[in-house]
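Start from chain G and add chain S according to the hints.
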Amino acid sequence: MKDEKQGNLSDMMGPFKMAGNLMFAGMAGDTAKLYNYLRDALNVLLSPMKTDIATTPYEVVYEEDRVKLKYYKPDTETRLKHPFLIVYAQVNRETMLDLQPGRSVVETFLRAGLDFYMIDWGYPTRKDRYLTLDDHINGYMDNIVDFILEKHNISSLHLMGICQGGTFSVIYTALHPAKVKNLITTVTPTNFDTDASLLNVWARSLNPDELVDTYGNIPGDIMNLGFLLLNPARLMIDKYVGFLENVNNFDFVENFVRMERWIFDSPDLPAETFREFITNFYKKNLLIKNELEIGGKKVDLKKITMPVLNIYGKYDHLVPPAACDQFIGKIGSKDKEDLCLDTGHIGIYVSSKTQKEFGPKIIRWLLERDGVVKKAPQKPAAKKPVAKKSQAKAKAPGK
Amino acid sequence: MNKEEKEKSMPQDALLESWISASTDFWKSTASMWPAPFGGISPVPGEAGKEGGDKSAEDSWKMLSEIWQALFNLINKPVTGEFHPVSSLPEWMLKASQPLWSGHLLFQKQWMEGEEKVSAGELEGFANVAQKMTKAWLEMYEKEFRQILNMPQLGLTRGYQERVNQTIEKFIQFQGGLTEFMQILLTPMEKAYNQVGAEIKNLEKQGKEALKDSKAYYQFWIKKMEENYMVLMRTPEYTVTLGNTVKALHDFRIVRSQLFMDIMQDLPIPTNKDMDELYKDLYLLKKRVKELEKKVKSYER
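Residue numbers (our numbering), protein chains in the order written: chain G, 551 to 949; chain S, 158 to 458.
Excised from the complex, chain G in its bound form (with noise of 0.2 Å):
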């Protein structure tokens, strides 16, 4: 019987034996390669670092309790009619659209001299936690739009959302089409109904009220947890690895804590907004059925008559694809177009080659919109380069 166990105790350890063993082999064969590799990750580790996030200048022009309005704005002559607003979401930081030199949405709109504004949630405290949607939307926002357009003597802006700032801006324009001109959602969630992504796995069977009354705010901490185990195989584990295999690189690790900077920089979602978020949205999905109201007003998203953008990632494993690919067939505008991008939820803001494609189609759909170039006809799906479902008519838009 002793001897039958110790055979399979031998057996389970054998793979980590012989792993153990390839390893320690590997290590006293290539001292000298292990020696050089801790050297040179000690001197990348002690080396001054440019880590610094959302470094492009801006200046803050408006400012209401915890929110703030930044305005960028590009050294050459700015080329809009119509002012330009930004909304992030409120998870996390709108300093990932500037997160380095080189990886940069701000410098993109910038250098293309796109003038532009953007919303800073800031980080809520205890006394936000009665602050519902209704509040950031009627609210914060629309106040953010009065003053935008007052200051430029207009009657409609340009909105862009991102993420739940875009369902945040969706349903802005539904209950105030007059003051946006053309709107823009990018990984913005509006159907909620679907189990493509975990996210909306769990959310459905949370008790929103449940954590309000254990937490008040919900804290950002617990938000990224929740995030890390959608995968924690790689957002755990695998990327630390990555990280060691690679800490003797500079510009790697330089990179690396950057994004781990802007990752776990993350505010508390205030109390109410988040309740409302998950019983309206994920439990109810109401907002893509039509049903939604908001300050007790229904938001109709056949209000939104407009010309619409709708960008998302194919790989997006919080909002996929299922997710936004809706909303499209559901607005009232004529002038609308899908466009899926092969990347992921961040991906699309932050990654090499995205930032080929992401910021130049905005760029160049605002400016057409505008009347700042003429539209360029519209290409047949299956030619463009990326995946995408193109619903737009080749007509002057919002006009």
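If you are wondering where the hints come from, they were derived from the structure by calculation, not from laboratory data.
One thing to keep in mind: the hints can contain errors.
[To be verified] Keeping only pairs whose Cα atoms sit at most 20 Å apart, straight-line, the calculated DMTMM-like set for lysine to aspartate or glutamate is: (1) Lys451/S x Asp692/G; (2) Lys437/S x Glu614/G; (3) Lys880/G x Asp743/G; (4) Lys437/S x Asp615/G; (5) Lys348/S x Asp788/G; (6) Lys404/S x Glu448/S; (7) Lys789/G x Glu383/S; (8) Lys404/S x Asp759/G; (9) Lys903/G x Asp801/G; (10) Lys631/G x Glu918/G; (11) Lys404/S x Glu356/S; (12) Lys289/S x Glu337/S; (13) Lys833/G x Asp763/G; (14) Lys452/S x Asp684/G; (15) Lys444/S x Glu613/G; (16) Lys677/G x Asp433/S; (17) Lys600/G x Glu804/G; (18) Lys372/S x Asp788/G; (19) Lys853/G x Glu841/G; (20) Lys437/S x Asp759/G; (21) Lys847/G x Glu448/S; (22) Lys437/S x Glu918/G; (23) Lys327/S x Glu296/S.
Coordinates of chain S only, in the frame set by chain G:
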């Protein structure tokens, strides 16, 4: 407990009883050797103080005995005849230690079952064994200890004591839930280790060379682990365990917060409840001011 289990537990019960009896004898003999005023105090009332011991000490001892007797009557175990506190200890201790003892037996049963499986060549993963042990502990907690913590409290401090007990209870439940969740979270990792082992065996059987370096092992392992996680996370078991853990965390934090509020009442610090009420007022006031501001602006236009 079925007959078989009873039979299995018999030697342990006998062992416990003999240990309690031995320890009681020790205290009995120690008590009889105590010098006056405590000395002369025999475990048998009436025999005390014969050698000029303090009368009041004897009275106190007698009173204590009566309290013991009353306590035993409270737990529906009337003691007949003259009450002997020290010699009554075995029975009392046996009763009091019953939850611990039955828990120990349950654990032992789980462990032996695991051992039997290993002996029979059925290798059971560590995560599975650990899960079973945790479940056993939680079952035992529910059956035995939880009732103790939920005993009704009396008197002026009743409410405070209840909150202390509830905090302990919810903390244990949360720890149990968290342990179960962590164990579920470890299963894909363990499964991936086993898959690596099976793959190597398979390659060897086919006469192929096993993976050449640790990197290849790692890549294979991480890929398998990712796959296993993707499967696990879509199972109802995972969702339910996650939900239970969050619920347990909620319950614990609520009672802990109430306990802290009790404590903070005596300190010059506002509690969360105070601050939330204040913030709610502030929120409503600000909202009202903003609405009025908008109205004024629209009139000005």
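Please verify whether Lys444/S and Glu613/G have alpha carbons no more than 20 Å apart.
holds, 16 Å
For the pair supplied as a hint, Lys880/G and Asp743/G, is the alpha-carbon distance within the 20 Å limit?
holds, 15 Å
Starting from Lys631/G, check that the Cα of Glu918/G is at most 20 Å away, please.
holds, 11 Å
Straight-line alpha-carbon gap Lys833/G to Asp763/G, limit 20 Å:
This hinted pair holds, its Cα atoms lying about 18 Å apart.
Quickly compare the C-alpha distance for Lys847/G and Glu448/S to 20 Å and report which way the hint goes.
Judged against 20 Å, a Cα distance of about 16 Å means the pair holds.
Quick one, are Lys437/S and Glu614/G close enough, alpha carbons at most 20 Å?
With Cα atoms ~18 Å apart, Lys437/S and Glu614/G stay inside 20 Å; holds.
Straight-line Cα separation of Lys289/S and Glu337/S no greater than 20 Å?
holds, 9 Å
CA of Lys437/S to CA of Asp759/G, is that 20 Å or under?
Given pair Lys437/S, Asp759/G holds - Cα atoms ~17 Å apart, limit 20 Å.
Quickly compare the C-alpha distance for Lys404/S and Asp759/G to 20 Å and report which way the hint goes.
holds, 10 Å
Would you check the hint for Lys451/S and Asp692/G, treating anything up to 20 Å between C-alpha atoms as holding?
holds, 11 Å
Lys452/S and Asp684/G were given as a pair; does the straight-line alpha-carbon distance stay at or below 20 Å?
Distance ~17 Å between Lys452/S and Asp684/G Cα, so the pair holds.
Pair hint Lys903/G and Asp801/G, alpha-carbon separation not exceeding 20 Å:
Status holds; Cα separation ~18 Å.
Checked against the numbered hints given earlier, the structure breaks hints 6, 11, 22 and satisfies all the rest.
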